[in-house]
Amino acid sequence: MNPPHKDFFGELRDALKKSLPFNRIAKLTVPLTCKKARKQVNREKALGEEVAMRSGKIARSKSTRSVARSGTSVARRSPKATRKLEKETIRLTVNGEPHGLKIGKKPNETDPSHTLAYTLRETLGLTGTKVSCDNGACGCCTVLMDGKAVLSCMTLTIECDGKNVTTVEGLNDPKTQKLDPLQQAFIDHTAFQCGFCTPGIIMSAKALLQENPSPAEEDVKEALSGNFCRCISHYQVVKAVLAASRGGR
Amino acid sequence: MTDTYRYIGKATPRKDAMDIVTGGARFLNDIKMLNMLYGKVLRSPHPHAIIKRIDKSKAEKLEGVEAVLTWEDVPDWRAGTPRYTRILDHKVRYVGDAVALVAATSAEIARQALRLIDVEYEVLPAVFEMEEALKPGAPQLYDELPGNVVISGTPSFGPKSLKEVVMGDVEKGFQEADVITEGTFGYENIPNPLPPEVPGAIALWEEPNKVTLWVSNQASYMDKVVLFHAMGRKVEVRTIGGPCGGSYGSKYMSWQVQCYAALLSRATGKPVKFTFTKEEHLAAFTMRIASRMKARVGIKKDGTVTAVSGTWLIDTGHYSMTTQAQVAVGCGEVQIAVRCGNWDLKPVIVCTNRNASGIVRGFGGQELKCTLIPLLSLAMEKLNIDPFDFLKKNFVKPGDGYFWRDGIWYTYRGVDYTKAMEKGAERFGWKEKWKGWLKPAAVDGTKRRGIGVGVHGNADIGEDASEANVRLNPDGTALLFSCVTEHGTGQRSNLVKMVAEVLQLPMDSVSVTPSDSLINPYEMGPAGSRGTYAIGSAAIAAAEDAKRKLFELVAPLLQAEPSELETTDGIVFVKGHPEKKIPWKAMSFDRTITGYGRFEPDYTLTNCMITFVEVEVDTESGKVTLQRVVNATDVGQVIDPQGLEGQLNGCLGSGGIDSALFEETILDRSDGHILNANMIDYKWRTFSELPPIGNVVFETPFPSHRFHAVGVGEIATSPGPVAVLMAVSNAIGVWLHEYPVTPERVLKALGKVRPRSRKGSAA
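Heads up: the protein sequence lines correspond to chains A and G, in order.
For the first sequence, the residue numbers in our numbering are 1 to 249.
For the second sequence, the residue numbers in our numbering are 250 to 1012.
You may find that some hints are simply not true.
[Said to hold, decoys possible] Residues of chain G placed beyond 10 Å of chain A at every Cβ, according to the derived structure:
| # | residue |
| --- | --- |
| 1 | PRO262 |
| 2 | PRO324 |
| 3 | GLU380 |
| 4 | PRO408 |
| 5 | GLY694 |
| 6 | THR738 |
| 7 | GLY819 |
| 8 | SER903 |
[Stated by the list, open to error] Sample of chain G residues at the chain A side, in silico, Cβ under 7 Å:
| # | residue |
| --- | --- |
| 9 | GLY495 |
| 10 | ILE768 |
| 11 | THR874 |
| 12 | GLN876 |
| 13 | GLY902 |
No wet-lab data here; the hints were simulated from the structure.
Just so you know, these numbers come straight off a predicted model, no measurement behind them.
Virtual Cβ for every residue (Gly too), placed ideally from N, Cα, C.
Could you put the whole structure together from the sequences, leaning on the hints where they help?
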């Protein structure tokens, strides 16, 4: 992919990052100004539709929302960028296996509006990655991209050219099929209840342990602060991650 | 006790653990079928309106659209209690009510088609406030419900279904009281249990009247029962459950989404998948009931409650499926927590133009106590009674009784929970921290600490019937037939554990059938903490029955009486003579042995959970931080220590303790829109804000269970919210009576911000 495209998606990603609730704790202390929030949503919705009409390309509401957030200059560039991309094939590696995904609107092609979560689940059949909020708030869809944890519901597949993606299905040792120590620790500590959010939690924890093999308890909590769990498996998860860390083994 | 068992009470890996950690667990949305279509709902933008006209022609012409259904196209399927809520109606009753259904070859096309449906509405006045809804001349939601009052009682609880708590002589009770307090208290922030997995279903219709549904629910057999009635008792329904990505009660009822899928499959002849978006989940799927109580209580100096009288208003939103049942159970549970001889408590269930309320952990009792305990606290303050002593004294004791949900009086024959409560208080340090009402436990500059306590118990641990079969195979394995879905409690593994314990088989040699209503016997499902006592007893009885049949069959081969036999690891032997043995395969390779077990409802036992909380209030910012939680309970016998720990830790989420701290669904009462129907604006607890939790678990045997155990999972959320309110009030020295204790409310109570009406809030 040539540099302008990278810039486009870089901008988009940065805009998304800014809008993400990385520090939800701070948000808890602020009383919600409800009316304002709704007006904001309406504004985005209106802007999104306008952008969609102008571009004529972006079908998914999420993409229109994202583009709207990142400002009009991006929106003006999007049709061109998208047109250019349609001729291309995205090459990405998932769990060690290379994939070529043709960009296009036809069935079996990867639409520019497809999120990575959609591509993994619907195109590649890797349903271990879960989608819950589909809005970048809950972390259920977390996968590793070049070793870093990313929200696959907020990542467009066309951003992933040349990337190396690992999903929960790719954590086993490819030769021996042996579980990753982190997965084994989750089993040993029953670090889940309903298990729906577990793949995302495991992937966030994996990214942490790759970066910091001996995290402190606070590091684990911070690294997982973007992962929603409603059953409250948190306490057992923290124990499991620490047990799988260098210090715990 | 633990040591006498091979598996019971010991940590064993969950049977589904491998699937969960490898991504192999197939949740509903992971299922794909040949020719599968995707369904979407067009939802009403108005809280109350008549649909004058719908033009669906443009939507039908869109390529890929296979069906568009409106109220004019569908059969008269109805649910609710009584059955007055149509699956699609000519009238919409809340913002988000279903107007039309679309099935298309992709979800995106279905979404596009929704935009092409042209609807003309006649907008009607709407009502969002319980007391407004009860006034003469208020907008009427249903012709069948004059005055917007929902008909009380639920047929499934029998002809005497509990509708109120009335007994003794309240006037006499008030005369005996040393202090009488009265007031109005609410728990009206309608928190959403918010499981991570959105509601959904896949349906495949077969002409003329058969439908199979793949469901993602807490009780897949009951889906079949509910749908049979909703579909006019004319359709043969089969439901296949899989792993359920969280429920907390809410996914016990998903008849709407299941009916949408069924109707579209009926119209297209193809399998149709329906999954809600998170916005629909938050704004168009059920949440907690809203509860408001106007009452008067009398208590004596020694903490005896002499009388309770008042009205309990319950806002159920636009319809009720289970609210009457929640009211019945809540009325029972309040008698378990508050011993009193004189009651006159009258519930009134009201319909308003907002999204419906439904089942959530706590099932009526949490909502009731969250409003009653604050009133009792006012009386305790006047008499300087320690709330821990009060709750301990007034919780049901063996020999006491209560009217349960069926209107029948039961005498409690379980254990005395006093010891567990006292141990919890000791672990928490209650006596050292308690300084009196409205007095902080500690002050550090602008930060003030406060403590509070709450209690909950229910007699649903033995509710309803369960059935199970256990099949013994000649290869020394066993198969449990039970229509239980796994929704996070580990119940499927625990049932396997109980069967393995009875049959003395390795846990790997026992498996459990998929929760398919076609192959399994009746099962009410894991709810109300009934998994261990009710479902477990059915599975145990089936295993015992199968074992008895096996012994009868092989006894002659061992020249012994069946009563002299025992079995371990697939070998039958004579007790005391292990050399006289024969493997299960002696039953013959062409034979299986099936045992049947049934549990009959038993309302004479209750569980109990007491929760102590400590909070820190920042008097500058108004922020309340939960510093510490201690839960104490007695479960008779631990079945699965790690699973139990998880259930008790669950006290924070799913509309539990956090519903007093920051969780709320914000309804705009000017137009009926829910303003925070997304996971950014709907607040939830993160990993970086975990308070230490201490769980005290006693094991006083319950004789009537094979392993002397009872369940406790459901009630973990229930004691906490009221404890938080108490703790914050004590910390700041001013009563706070609204949930949740937002910084704004704290500052208002402290006189630091001027009161203003908060349109979005629930009260």
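Numbers of unmet hints, in rising order: Result: hints 1, 6, 8, 10, 11 and 12 break, sorted rising.
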